[in-house]
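K.L.:
What follows is each chain in one-letter form.
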Amino acid sequence: MKIAFNTMIALLIAFIVAPLLIVILVSFSGREIPEFPPSTWSLRWYGYALSQPVFVTSAINSAWLAVMATCISTPIALGAAMAIVRGQFAGKNLLQAALLSPLFVPAIVTSLAILLAFSSAGLRTVTLRLVAAHVLITLPYLVRTILASLTRLDMTVEEAARTLGASPIRTFWYVTLPLIRPGLTAGMLFATIVSFDNVSVSLFLTTARTNTLPIATLNYVEYNFDPSIAAISTMLIAVTAVAALIMERTVGLRSVAGA
Amino acid sequence: MRSVALREVSKFYGSVPVVNRVSLRVADGEFVTLLGPSGCGKTTTLRMIAGLAAPDLGRIEVGGSDVTQTPIHHRNIGMVFQSHALFPHMTIAENVGFGLKMRGVGHAERTGRIREALKLVRLDNFESRFPGQLSGGQQQRIALARALVFNPQVLLLDEPFGALDRKLREVMQGELRELTRKLEMTSIFVTHDQEEALILSDRIAVMHAGEIEQIGSPEEIFERPRTRFVADFMGFGNLLEGVVMSAADDGATVKVGAWETHFPQASGLSPGQRVGLAIRAERIRIKPFTSTETVDLAGEIDAASYQGAANVYLVRLDRIPGSRLEVREGIQGGGDFRLSIGSRVQVDWHPGSVQILHI
Chain A
1 MKIAFNTMIA LLIAFIVAPL LIVILVSFSG REIPEFPPST WSLRWYGYAL SQPVFVTSAI
61 NSAWLAVMAT CISTPIALGA AMAIVRGQFA GKNLLQAALL SPLFVPAIVT SLAILLAFSS
121 AGLRTVTLRL VAAHVLITLP YLVRTILASL TRLDMTVEEA ARTLGASPIR TFWYVTLPLI
181 RPGLTAGMLF ATIVSFDNVS VSLFLTTART NTLPIATLNY VEYNFDPSIA AISTMLIAVT
241 AVAALIMERT VGLRSVAGA
Chain B
1001 MRSVALREVS KFYGSVPVVN RVSLRVADGE FVTLLGPSGC GKTTTLRMIA GLAAPDLGRI
1061 EVGGSDVTQT PIHHRNIGMV FQSHALFPHM TIAENVGFGL KMRGVGHAER TGRIREALKL
1121 VRLDNFESRF PGQLSGGQQQ RIALARALVF NPQVLLLDEP FGALDRKLRE VMQGELRELT
1181 RKLEMTSIFV THDQEEALIL SDRIAVMHAG EIEQIGSPEE IFERPRTRFV ADFMGFGNLL
1241 EGVVMSAADD GATVKVGAWE THFPQASGLS PGQRVGLAIR AERIRIKPFT STETVDLAGE
1301 IDAASYQGAA NVYLVRLDRI PGSRLEVREG IQGGGDFRLS IGSRVQVDWH PGSVQILHI
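If you read the protein sequences in the order shown, they are chains A and B. Under the working numbering, the very last position in the first sequence is 259; numbers go up by exactly one each time. Under the working numbering, the very last position in the second sequence is 1359; numbers go up by exactly one each time.
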């Protein structure tokens, strides 16, 4: 019984990790085409990828976009979550459902809706469209983690701060914020990764000149088939792994996943 | 000036009053307890004094000035919660110093006053620990120090010892009493535990259904309840319902069932009026019936139980049909039932032990 159970777990892990391992191994190939296992080893595709302006600029675009989107959606999510947990108003559940909807509406539908909305609103600036769209798709992750932290928070602690002479703003700053910080940090990291990885929404909104890394990668593989894509993927895996490690160290992955 | 006054304060949830026209004056340095069962409005009353709830009607005054509209953080009050409500992310020193920091007290002075406050609750050298590392009693002492350190006009305590075990609760009650006396701190304490109220208070306000039923010294409340609710809540185990037969300057005669009794001190009663006679189970004397004496109240034991410190009997009185008088007899030595179920007994009590209630 125990052996069967352990085998199941091993298979499950292999199922998730094996493709990543293949990509990582292929990225160190010395040949012109991806081959597994590589017959020769080299770092040439890393050098090649980093020397391609299309990858470098799109990577910078993606990073900037992820940071911007997170910085804008964090205060919005914080305000919304506070209102949902603390407020007494009609349509509370509706607001919560609306904020979380990008999680369960098919990505392609969300994307198309955003595109149509922007066109009819006459919003043509690409960066603005991208930032707005990414704020939308990152919101649910932030709202969820912040909601979870706020619900767990003992409100009498805030009341105590008020009786001790703290104004509402100082109560938030000295008491509420430090106590929800783990959830908030987790949500922000999540949001950054979600934005950085996004394909479906960006696909509709990017142009040949303003591109994100996932879209640039996608475009590249349409016409080229070499291990440079594997090199980029490996670098992305590394960045994500570092982010996950930071999360684990600071707040614990379990609280993020279970939020 | 550290007095508190409530004037006709009401609070409604929807159209239901949870606090109904409550008026109360707490003098400088006085310790007053709001006592009552859960849902009687005592906590809501306390929260309105703190500013954590807003009264719908009435005025609240602290130190002679109207604070009804004053936001919480501008009222100079210290509050201790049942759940201690310490800040888990701050050290003990930061917790205790929070009120001082909010008042703009500088770091150097703060350190000194934190140390003083911690000494007051006998937890010096705990500065750098976190609340999670302390026991329940220690946490509540820190909460007390945190509420007192900035010298508030009034100390509010919302069932602060409710989460502590019995022994620790008694220790904490003693310390709180000593501390508030020493500081001459005006204090308002909320509890549902009558014993706690008796031990701590200068005066007790018994609350029921959003109103103060009776207010007085612990002795007054314990010995001379004026209403059925207060009598019941203060542990008067027996309430006999009767009718006033005659009332004059030399007292009144009350008839309960077929039993008539005279109260020489009774006043303010009129013939025909229905009254309740409240008497504590432990103030009734009981002994085996002997037919040689003339006996006022005789009866038969209906039930008997051993409760450690006492034997408790339920007695059916011959002259009061349907009665089941609870008698509590302290055990001097040995735990055996002296009287068995079905045996004939006679009971009596000191006339002063009976409290006449208007019902």
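Where hints are given, some of them may not hold.
Calculated Cβ distances over 12 Å to all of chain A for the following chain B residues [as the list claims (entries may be wrong)]:
hint	residue
1	Gly1039
2	His1073
3	Glu1109
4	Arg1146
5	Ala1147
6	Val1149
7	Ile1215
8	Thr1227
9	Phe1263
10	Arg1285
11	Ser1291
12	Asp1348
With the C-beta cut set under 10 Å, the calculated list includes, among others, these residues of chain B facing chain A [said to hold, decoys possible]:
hint	residue
13	Arg1047
14	Ala1050
15	Gly1051
16	Thr1070
17	Arg1075
18	Gly1078
19	Met1079
20	Phe1087
21	Pro1088
22	Met1090
23	Leu1100
24	Gly1106
25	Leu1179
26	Arg1181
27	Leu1198
28	His1358
Simulated from the structure, these hints should not be mistaken for laboratory data. Ideal Cβ placement from N, Cα and C applies to all residues, glycine included.
K.L.:
All the hints need checking, so say for each whether the structure fits it.
P.N.:
Consistency of the hints with the structure:
1. Gly1039: holds, 19 Å
2. His1073: violated, 5 Å
3. Glu1109: holds, 16 Å
4. Arg1146: Label violated. Min Cβ-Cβ 7 Å, cutoff 12 Å.
5. Ala1147: violated, 8 Å
6. Val1149: violated, 9 Å
7. Ile1215: At about 25 Å from chain A, isoleucine 1215 (chain B) clears the 12 Å cut-off, so the statement holds.
8. Thr1227: It holds; threonine 1227 (chain B) is separated from chain A by about 33 Å at its closest Cβ, greater than 12 Å.
9. Phe1263: Label holds. Min Cβ-Cβ 49 Å, cutoff 12 Å.
10. Arg1285: holds, 49 Å
11. Ser1291: holds, 64 Å
12. Asp1348: holds, 51 Å
13. Arg1047: holds, 9 Å
14. Ala1050: Constraint on alanine 1050 (chain B) satisfied, holds at 6 Å.
15. Gly1051: holds, 8 Å
16. Thr1070: Threonine 1070 (chain B) check fails; min Cβ-Cβ to chain A is 12 Å, beyond 10 Å.
17. Arg1075: OK, holds: arginine 1075 (chain B) within 10 Å of chain A, min 8 Å.
18. Gly1078: holds, 7 Å
19. Met1079: Check passed: Cβ of methionine 1079 (chain B) comes within 4 Å of chain A, closer than 10 Å.
20. Phe1087: Phenylalanine 1087 (chain B) check passes; min Cβ-Cβ to chain A is 6 Å, inside 10 Å.
21. Pro1088: holds, 7 Å
22. Met1090: Holds: closest Cβ of chain A sits about 8 Å from methionine 1090 (chain B), inside 10 Å.
23. Leu1100: OK, holds: leucine 1100 (chain B) within 10 Å of chain A, min 9 Å.
24. Gly1106: Status violated, d = 15 Å.
25. Leu1179: violated, 18 Å
26. Arg1181: Violated: closest Cβ of chain A sits about 23 Å from arginine 1181 (chain B), beyond 10 Å.
27. Leu1198: Constraint on leucine 1198 (chain B) not satisfied, violated at 27 Å.
28. His1358: For histidine 1358 (chain B), the interface hint is violated, since the closest Cβ of chain A sits about 40 Å away, which is over 10 Å.
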